[in-house]
Each structure stands twice: as C-alpha cells, then as structure tokens.
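Student: Sequence:
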Amino acid sequence: MTYCVAMKLAEGLVCVADSRTNAGVDNISTFRKLFTFGNGRDHALVLLSAGNLATTQSIVELLKRRIEEAEENLMTLPSMYDEAAYIGRLMREIIDRDTHPQQSQGVDLGCSLLLGGQIRGEEPRLFLIYPQGNFIEASAETPFFQIGEFKYGKPILDRIIKPDTPLETALTCGLISMDSTIKSNLTVDLPLDVLIYDKDSYSLERTRQISAEDEQFLALRKAWGEGIRELFNRLPNTEL
Numbered sequence: 001m002t003y004c005v006a007m008k009l010a011e012g013l014v015c016v017a018d019s020r021t022n023a024g025v026d027n028i029s030t031f032r033k034l035f036t037f038g039n040g041r042d043h044a045l046v047l048l049s050a051g052n053l054a055t056t057q058s059i060v061e062l063l064k065r066r067i068e069e070a071e072e073n074l075m076t077l078p079s080m081y082d083e084a085a086y087i088g089r090l091m092r093e094i095i096d097r098d099t100h101p102q103q104s105q106g107v108d109l110g111c112s113l114l115l116g117g118q119i120r121g122e123e124p125r126l127f128l129i130y131p132q133g134n135f136i137e138a139s140a141e142t143p144f145f146q147i148g149e150f151k152y153g154k155p156i157l158d159r160i161i162k163p164d165t166p167l168e169t170a171l172t173c174g175l176i177s178m179d180s181t182i183k184s185n186l187t188v189d190l191p192l193d194v195l196i197y198d199k200d201s202y203s204l205e206r207t208r209q210i211s212a213e214d215e216q217f218l219a220l221r222k223a224w225g226e227g228i229r230e231l232f233n234r235l236p237n238t239e240l
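Residue 88 in my numbering sits at position 88 of the sequence shown, with consecutive numbering throughout.
It is worth saying that the hints were derived from the structure and are not from the lab.
Hints are supplied without guarantee of correctness; some may be wrong.
[What the hints assert, rightly or not] Below are the DSBU-like pairs computed for lysine-lysine, each with C-alpha atoms no more than 35 Å apart in a straight line:
hint: 1; residue 1: K64; residue 2: K151
hint: 2; residue 1: K162; residue 2: K199
hint: 3; residue 1: K183; residue 2: K162
hint: 4; residue 1: K199; residue 2: K154
hint: 5; residue 1: K154; residue 2: K222
hint: 6; residue 1: K64; residue 2: K154
hint: 7; residue 1: K162; residue 2: K222
hint: 8; residue 1: K222; residue 2: K183
hint: 9; residue 1: K64; residue 2: K162
hint: 10; residue 1: K183; residue 2: K199
hint: 11; residue 1: K199; residue 2: K64
hint: 12; residue 1: K151; residue 2: K222
hint: 13; residue 1: K183; residue 2: K154
hint: 14; residue 1: K222; residue 2: K199
hint: 15; residue 1: K151; residue 2: K199
hint: 16; residue 1: K151; residue 2: K183
hint: 17; residue 1: K162; residue 2: K151
Note that the structure is a prediction, hence the values are computed from the model and not measured.
Please work from the sequences and hints to get the whole structure.
Tutor: Here's what the structure looks like:
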C-alpha cells in the first residue's frame, strides 16, 4: 500500500509520498510514487500514485513516451482540466487493456492519482483522479487530497491546512501526517519523496528524498511525539 498527500495553497503546491509497496508480509519493496513533468516555461506537473503498481508504472511510462512521440501530450494541453481528463482516459485504456480473465486472475488493476501543477494562464490546480478515470478538483473548502492509507494522517491536515497556509508550514504538516501514518500502518514507510512548487515559477526543482537517517525528519518526529505526550499530560482529567 502507500500514502500520498497533495495540498493546493495560495503560494503553490506541496506534495508528499511514501515509497512502500506491499504484496504480502514477505514481499515488501520500494518504488517511487511521485513523478514530475515540465518544460520550465509554461507547463509544470506533478503526479502521485497509489494502487496497482503495474498500472501506475504503465501510465507514467506512456505519459513520458507520448511527450516524445505524440502530437497531443502533457506539454501541449492548454489547461490542467485537460491534463486530468487526458490522464483519466489513459488510465482507463490501460486498465481495459489488461482486464482479461487469463491475465488479471481477480487482481484489482485500479489505481488513484493526484495531479497537481500549473499551466501558464492559469492558477495552480490540483485534481484527484479516480480508478474510473473521472476526477474532482481541490477548492478553498477542500485544499488537500489524499490517496492510499490516508485515515491516520487526516486529522492533522484537517486542523492545520488552509488555503493561506505557508508552503513550508504545509510541508511540515504533511510530514507529520506521513509520520502518523507510518506509526499506525506497516504498509507505509520511508523513504519519502517531497516537493514544493512555487506559484508561477514553472520549476519542479524543489524536491528531495527523506530517508530513515534524515536528521531533520528524525528531529521533527521526536518533537511531535514529545509535544503530543506533554500536551496530553496537561489535559484535565475526566470524572465519572
């Protein structure tokens, strides 16, 4: 399984994804779940994936290939809405192609995707693309989306993330959300891929991978855990 979160904020976008793939207790691997596509001029896109690994890898490979070979591709579409529709159609093509009794054998080939980014002439936008290929867009009322094992990391996001949250604050919140999920679910784990996209920059260079030895992440994990315990100990007792 996996956990990915993406946030649409006034200053841009923040994305965090783990890299754990679990096909059973004795079959655990690491695969990247965060991918970027851009030309540095007028298209900057980030894609996060959860679900069937074969399906998501096919989607990413075909998206890359079509940028090089097809007239219609991620770098030629005029809006983020068109990008989401394009990727949704491609997802359905791949799932339909691979859904045969002889091949699938009851395996769920579906996946969910988060697509964020900016095309010149628009504000940054964020979409959640469902396995059926349809999608919804983030809004001021719902400024973040999650896919995968999201329930453990949602409470902190609900309390902190607003449209005007600064990007660095949102990244800290996303990392705490991820750490809470890692603590409660063995199918989510480090290393993590993180990305900050600054509005109107069309640059996807603010990325890094966080490993289990990352000192900043370990310090954040420690401070959050100790802070929660300290706050809990100061709460008034409940009397019956």
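Student: Against each hint, give a clear statement of whether it holds in the structure.
Tutor: Do the hints match the structure? See the list:
1. Of the pairs offered as hints, the one joining K64 and K151 holds, with about 32 Å between alpha carbons and a cut-off of 35 Å not exceeded.
2. The suggested pairing of K162 with K199 holds, with an alpha-carbon distance near 16 Å, which does not exceed 35 Å.
3. Distance check on the hinted pair: K183 and K162 sit about 25 Å apart at the alpha-carbon level, within 35 Å; holds.
4. Distance hint between K199 and K154 is fulfilled; the C-alpha atoms sit about 25 Å from each other, no more than 35 Å.
5. Proximity of K154 to K222 is assessed by CA-CA distance (about 20 Å); at most 35 Å being required, the pair is judged to hold.
6. Only pairs whose Cα atoms come within 35 Å are accepted, and K64 paired with K154 is accepted, the gap being roughly 32 Å.
7. As the CA atoms of K162 and K222 are separated by approximately 25 Å, the hinted pair is consistent with the 35 Å bound.
8. With a C-alpha separation of about 12 Å, the suggested pairing of K222 with K183 holds against the 35 Å cut-off.
9. As the CA atoms of K64 and K162 are separated by approximately 33 Å, the hinted pair is consistent with the 35 Å bound.
10. Between K183 and K199, the direct Cα distance comes to roughly 32 Å. Compliance with the 35 Å bound is thereby established for this hinted pair.
11. Straight-line distance between C-alpha atoms of K199 and K64 comes to about 24 Å, which keeps the hinted pair within the 35 Å bound.
12. Restraint check for K151 and K222: the C-alpha separation of about 22 Å stays at or below 35 Å, so the hint holds.
13. Pair hint K183 plus K154 holds up; C-alpha atoms about 14 Å apart against a cutoff of 35 Å.
14. Of the supplied pair hints, the one linking K222 and K199 holds, its CA atoms being roughly 31 Å apart against a limit of 35 Å.
15. A threshold of 35 Å between alpha carbons decides the hint, and for K151 with K199 the separation of about 29 Å falls inside it, so the pair holds.
16. Restraint check: the Cα-Cα separation between K151 and K183 comes to about 12 Å, which is no more than 35 Å; the hinted pair holds.
17. For the proposed pair K162 and K151, the alpha carbon gap of about 19 Å is at most 35 Å, so the pair holds.
This entry satisfies every hint, going by the numbered hints stated previously.
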